[in-house]
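Q: Residues per chain, in single letters:
Protein chains: 4
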Amino acid sequence: MSEFEESGIGEECGVFGCVAAGEWPTQLEVAQVLTLGLVALQHRGQESAGIVTSNGVNPPTYNTLKGMGLVNNAFPPEDLLKMRSCNLGIGHTRYSTTGISELQNCQPFVVDTLHGKIAVAHNGELVNAAALRRKVMRHGVGLSTSSDSELITQLLALTPPMEEVDAPDWVARIKNLMHETPTSYSLLVMYTDVIYAVRDPYGNRPLSIGRLVPVSKLHTAGFCGSQASVCLLCLVLRYYREVMPGEIVQISKHGIKSLSIVPRPEGDLPAFCIFEYVYFARPDSIFEGQMVYTVRQQCGRQLAIEAPTEADVVSTVPESATPAALGYAQQSGLPYVEVLCKNRYVGRTFIQPNTRLRQLGVAKKFGALTDNFAGKRVVLVDDSIVRGNTISPIIKLLKEAGATEVHIRVASPPIRFPCYMGINIPTKEELIANRPEFKDIAGYIGATSVQYLSVEGLVSAVQGGIPSIQKGERISTKPSRRVGHCTACLTGKYPVELEW
Amino acid sequence: MSEFEESGIGEECGVFGCVAAGEWPTQLEVAQVLTLGLVALQHRGQESAGIVTSNGVNPPTYNTLKGMGLVNNAFPPEDLLKMRSCNLGIGHTRYSTTGISELQNCQPFVVDTLHGKIAVAHNGELVNAAALRRKVMRHGVGLSTSSDSELITQLLALTPPMEEVDAPDWVARIKNLMHETPTSYSLLVMYTDVIYAVRDPYGNRPLSIGRLVPVSKLHTAGFCGSQASVCLLCLVLRYYREVMPGEIVQISKHGIKSLSIVPRPEGDLPAFCIFEYVYFARPDSIFEGQMVYTVRQQCGRQLAIEAPTEADVVSTVPESATPAALGYAQQSGLPYVEVLCKNRYVGRTFIQPNTRLRQLGVAKKFGALTDNFAGKRVVLVDDSIVRGNTISPIIKLLKEAGATEVHIRVASPPIRFPCYMGINIPTKEELIANRPEFKDIAGYIGATSVQYLSVEGLVSAVQGGIPSIQKGERISTKPSRRVGHCTACLTGKYPVELEW
Amino acid sequence: MSEFEESGIGEECGVFGCVAAGEWPTQLEVAQVLTLGLVALQHRGQESAGIVTSNGVNPPTYNTLKGMGLVNNAFPPEDLLKMRSCNLGIGHTRYSTTGISELQNCQPFVVDTLHGKIAVAHNGELVNAAALRRKVMRHGVGLSTSSDSELITQLLALTPPMEEVDAPDWVARIKNLMHETPTSYSLLVMYTDVIYAVRDPYGNRPLSIGRLVPVSKLHTAGFCGSQASVCLLCLVLRYYREVMPGEIVQISKHGIKSLSIVPRPEGDLPAFCIFEYVYFARPDSIFEGQMVYTVRQQCGRQLAIEAPTEADVVSTVPESATPAALGYAQQSGLPYVEVLCKNRYVGRTFIQPNTRLRQLGVAKKFGALTDNFAGKRVVLVDDSIVRGNTISPIIKLLKEAGATEVHIRVASPPIRFPCYMGINIPTKEELIANRPEFKDIAGYIGATSVQYLSVEGLVSAVQGGIPSIQKGERISTKPSRRVGHCTACLTGKYPVELEW
Amino acid sequence: MSEFEESGIGEECGVFGCVAAGEWPTQLEVAQVLTLGLVALQHRGQESAGIVTSNGVNPPTYNTLKGMGLVNNAFPPEDLLKMRSCNLGIGHTRYSTTGISELQNCQPFVVDTLHGKIAVAHNGELVNAAALRRKVMRHGVGLSTSSDSELITQLLALTPPMEEVDAPDWVARIKNLMHETPTSYSLLVMYTDVIYAVRDPYGNRPLSIGRLVPVSKLHTAGFCGSQASVCLLCLVLRYYREVMPGEIVQISKHGIKSLSIVPRPEGDLPAFCIFEYVYFARPDSIFEGQMVYTVRQQCGRQLAIEAPTEADVVSTVPESATPAALGYAQQSGLPYVEVLCKNRYVGRTFIQPNTRLRQLGVAKKFGALTDNFAGKRVVLVDDSIVRGNTISPIIKLLKEAGATEVHIRVASPPIRFPCYMGINIPTKEELIANRPEFKDIAGYIGATSVQYLSVEGLVSAVQGGIPSIQKGERISTKPSRRVGHCTACLTGKYPVELEW
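Residue numbers (full-length UniProt numbering), protein chains in the order written: chain U, 1 to 500; chain B, 1 to 500; chain G, 1 to 500; chain D, 1 to 500.
Just chain U, same shape as in the assembly (with noise of 0.2 Å):
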């Protein structure tokens, strides 16, 4: 839990799109799906949200809704009523910084070209942003926003050159766009009656495929582009395959269909960011064959081998770090026990300046289930250690309660490095691995002792369970299984040269 969302670790976006199967006009309430689709992405981003649907006719009518605060607050329904007639849409979560002009960055971005209207939403951040925006503006493009969504848009609208055509081909812009940037983007992108699903080469973000279900015979099936994996399987969204590296599908009331598959540099593996599988995905979630909980699981079971304890329970803080601790307790054979109750009316607590105000955020949000503790040695595992602010509070609650020792094992790696494909990560000063005080980590948050797992041991974890041939590979070329991750921010070793 805490640490990462006490710091504000966490990724910029979600994005999420449907088209209705069949013949249309359909029952199917895209808007409603979409909605539903932004929820499971809420964890994404939850300042504001906005989807774009489609009537799907030639020419299209877009209809646009944008709002702040979480999705359920941020359209009202009589403006999701107003869009029954779309048959398809794309939808988008958002963490912005402030203000209610912050709407304008809000996504998807919609724009008029001479091909007609496109919307895109995109999750992640251009290395070469920097670069693109230069080359843009000095083909006479005026830019409005400081967003990679209104660059992307506008390279879409660039190259090749337009002209007044029946048939465009959105999809040679689309390659274009991902010849000139090479990460990190998982991209939807409407045009009248389908979605390009996009995922960039080093497949650095998620993005995958899933089929919706008639639940009943007055609402017809469609198919989905979304980064919430299964979190939708069995009732109404069923998981069909990831997105591959590289790869443009096009989703449309016919189907799903395999576009192309845009290569990597020779030589380059992929890079999946693996702070999805740490922290960023939902447990529910299914990447690369395998379910985020059990490979959180394994890294708790990885984290017992490295990181052994003399105790007597192992505990979590909850939520986020209880498949860790469940794996610990297995590994370890210590009982896993519950030591923090959680108020669930307690947001985020943001960072607090001084210690008082620290812990009575923690006394707003945890309560100690005493019983199950006191007079015992307890290891307790967190995801990480941050900043250390949120885990020293938590620690003297446990010890004044009457825990004897209080042994913190952190089931990832510590935090050294700033990450440039989409990930806010606090400066690297404020990182406390690169602070003197992490020599007595220990010490300074107050616990009987500190450990981390190590980067082997996370990209074992990761990479020990993932099938040597993932379902929807198929379609790929080149046959050999590889497999790669993005650990930049735990080792610095980037995927790409940074251009900035």
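Derived by calculation from the structure, the hints in this document are not laboratory data. We put the beta carbon where it would ideally sit given N, CA and C, even for glycine. Only true hints are included.
Within a straight-line C-alpha distance of at most 35 Å, the following computed DSBU-like cross-link-like pairs (lysine-lysine) qualify:
1. Lys396(B) - Lys82(U)
2. Lys342(G) - Lys342(D)
3. Lys135(G) - Lys117(G)
4. Lys342(G) - Lys376(G)
5. Lys342(G) - Lys376(D)
6. Lys342(D) - Lys396(G)
7. Lys399(G) - Lys253(D)
8. Lys342(G) - Lys396(G)
9. Lys82(D) - Lys396(G)
10. Lys117(D) - Lys117(U)
11. Lys135(G) - Lys82(B)
12. Lys117(B) - Lys428(G)
13. Lys117(G) - Lys175(B)
14. Lys399(U) - Lys253(B)
15. Lys376(U) - Lys342(B)
16. Lys117(B) - Lys117(G)
17. Lys342(D) - Lys257(G)
18. Lys399(D) - Lys257(G)
19. Lys253(G) - Lys399(D)
20. Lys396(G) - Lys257(D)
21. Lys117(U) - Lys428(D)
22. Lys439(B) - Lys493(B)
23. Lys428(U) - Lys342(B)
24. Lys117(G) - Lys135(B)
If you anchor each label on the Cβ, the simulated ranges turn out as follows:
25. Arg138(D) - Leu81(G): 48 to 56 Å
26. Lys257(B) - Lys428(U): 54 to 62 Å
27. Ser449(U) - Ser85(B): 41 to 49 Å
Covered stretches of chain D (in silico footprint by chain G; criterion: 3 or more residues with CB under 8 Å from a CB of chain G, positions within the stretch not fixed):
28. 40–47
29. 288–302
30. 321–334
31. 338–346
32. 363–375
On the provided structure of chain U, position chains B, G and D as indicated by the hints.
A: What follows is chains B, G and D alone, placed relative to chain U:
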């Protein structure tokens, strides 16, 4: 979890008060402690909140803040700042029906009397409210709300007759009130520089006392009366003891003083609401000397004895049923796993009118952790089935995701009767236990089997762990320990005759 | 205009009630008529508004709506729709200090009594409120607000003693109230299916009765009690007559019935607030048989007689001083021109702390129509100078834009004393007439000369036009016409002894 | 007044900019002056407002604020405070259709280009917008809004081609834009430390320049470009001169500099919108050397000549028709009186679907000053009859209140044609002058008689007072004074060929 939550079963309020200790004015931020206390009580009422503070001098200045929504949003920070000079205060969270004009029903109530202003915060429901309203109105008093709390303030003002005196005897007035109405109420009455914490003779609603811990030299200590027992243990507020049934406790800057215990009729047992253990209270609360979490775990163990199952894994509907599920797993020897992950951005999903919307609601709220149960027989422990609407799509989700059997085990008996003491329960006809479908409840909800905990099992789980002499009870003049709980909603046996 | 407005001088409320005539249920939209009436009273209070309606059956269902801000924004249309079945109702606009929790002070007040529910709307201020509060509290009643209106409802409930009877005598209770407090109040008291319109024996606050005109066959007629006299004349509501000082009028679906006139002490004259003529009332109101606009014009004429000027043009500070300016122009023979145009999007500009901000405020609010006065000597008629802050930058504006002289003529005498009967007046020290600067008021505000209307001039302008027998007064048992007005804020002579 | 207002006829925006003079940083609060200027332009757009400020250094920091509603509510004061260090800025008020997401259409537009950021505020409508959009998109630019202002920013960025240079030539770009589109636009273009004030070659929309007056030593002087001509005269801002048709004026801290005049095609006259005189502009504005109030008065005189009436009094529908009514009274010799008082708390009453609601709307808005006209024949001067819906219930009101005859005199000709240059006009079918009822317009609206001002009469009233040489025109290279106005909505003669 869920069935209680989804069914709208809940208390209508929570009360919290606090007094700074030592010399006044203090550096303790009473308004901040009140806010903290109300956040800890948020689960007892989420629609509005109010606090009233006093500067403690004679005549006092009272400061009132009321707002709609969660505590953290209800009070503008600048208004809390204005309360800096206050030395004591009481607060209240409330579940109100709707509308901004409802703020007038929002507690605490403050009234001006010949003896000066008093403020009253109340949790509970007077069983003889109708008769008392008539009595007050016969005296010529107009009542401006339908709330029991206004009624209580007017009853306090009425008898004995008021005269302009130097030292009004509020305790005599409180005793008089307690003779007029047997149950149910936990009250905080603030007058100038003291708070009276009052619990009805049957002890139907909880009320505890805590001590504020100075976290630095700048922060004076103090005392609290609260329904949030030990939730703040260790960091800010330490659990001290419960207010006894019938007791009036005075809290002032000089400390805590038991003033009186109003007795029950000869032969009557106490009647503490057993559903505080089952569902309402936070798991870290302490009642009658035992932690709620531990009682719930014991209910799970008892359930495993009463209703054993041939299965592969035990799990929970997160989060409230987790201790019972862990207890069931321990007793049965079956492994405990997580089968559902919860989207923490989805709040209570109000009851949906049809099957499909209920399924969408569950799809929003839960993801299936398929690796943990696919191909297995699952025992799913929940804390109640009230209507059967919520558990049904969860079972469907698990089955479609690969569970071969889903056995529902309910860690409390079926609810069959209304509550007249402050709990909001669906009408008799809506309760699944009173409906024809109950005969084949497993078939109705789609489970492989369904079994409930017995009333006797629940009572023994609750009463088995109560120490023979509770801390704080030394003040009682009756040495023999007598235990009793209200099980009216399960058995129809009410603790007092109903005068409705 | 402006000095009154800018100084925050104003009434604290306005009341309006209406009953649909004929057989019920009717098609008349009572809630809509109430809203219309309150909009017409908006100038008497802009901070909050409330309405209470009744369905008129026994026992009645009352429906309450209260909201902050202007009437048109205070009530959600969907809530007004829910009042469709109501047949009568009363409403209130109020100037409240601040804060959403202030809604609890918002009128009308509804209280439940042994005789059923009554609703009360009140304009005025009880001169003996403090003594009455003590009396009510000595009876054992707690008062939850500082408002006179709650006090009135409790006084109505108190005497004579209440018993459960079939036909409670509310008129006796109202008379009793009127004997307890001489002034000032105009009341509407709603009980089940009637509204009692009550004016205090001194007639300090206005109250009129009108007849609703059916605008089509679908719309039943009805009756209104209002402080908005004739404002709706012709289209919806026709002026019928004033409620007489001390009179209780019953308004029901059967019509209008005078029930009683409570007399003043022997020898006391009526004391209708003279500032209703000068500023508060709308110019289209009719009091004592004369139109307020005409009285103001007469004040202007009187002013021209008392304070003639050597000048070229006469003008107004728009808008409230316009009738007086036109009267001045007619009497003096000087041409009337407009010198200022007003930005209708700028509301009351709250008093600014320094000269520059006051100038900016005037710059926002007024533009100079230079062609009309450049190179000329201007007589500028205003209705008051309270603090001198507002008129000063206007004079500066006119001079810089080319006026050679600016003579200020004020169409009312200087305010020197506080009002204890419902008007909000600055403290004595803030009133310009009580300050040293007043000796050279022209120099202080930058005018060429300043002159006020005399008290005698004002009284003669007001009383000169009152017909010897007013329409509607036939019901009076005392045939001789006696005229009197409250001029306390100008002269310090209060109509009753003050018991503060 | 009213018919224009009620019909929703209006401009879609107003622009205002200002630069502090002298050495920077200054004490002048540019954000406050901008707010003041926009309040003065509020009548040109009430739905949203925006300002962009610059700190004037290279590269500049721009600060943007946009908000819904009136200027005084749109900008949070704390956000304005953050602009304290800015030295120049431009602002915009806008009439937008609906919805919060519409903020993205809100001006000023800021775009980043290879030459740095520019901000653009625009009033008007490009007659050849469709062709220009195609041109821009053919170049490969995506347009994210339907607004002409975004189009203008992209056109400015496009030609001549951009290169990374030290001193970009924005004036060349502006000239290029002006050659691409003949009308209608008044533009403010901000770049780093200068504002370019630009008026189209036909001068269709107004644009003036003023000088800020230091009100104390602390406040530096400065310069403004504005559509609010003289509204702030004397106190803060002094009228300096109009921007000439086709002129580009540079405003910087060093002063005002005319850079260029782009000529019209040979033989074309200027085409300043004549409705600025009739209705849109504030009466204190100065165009072409004459005050708008005086022109309106002249229209009233001309109307009295063209359409004399046998009557007793002349009056106005307050407030915009008042100068015309006074002019009519002067010319005709009939006395001027007020017959209606306006409730200043009632805003624009949106067009109501039926007669009764329209009557209620008028009843809310106006009260009848019966004493002034009962038993008399009234000439009621209004500035337009667009649909006939609003004047009709006013006539009914006057007649029922005792007017024996009501003669409507309209101080402008009937509107018959759409405007393509920025004015929102009802569709041709909705205009009363194009409907069959127009034949008997008096009967349709219930008037005794109806007469309009002729087009020739309007033009002579407008052009009669224009001085042969305007101040500021000395810079013109063409000495001969040529006068022309756009009367397209009255005559169908558009100043340029329409390319739609």
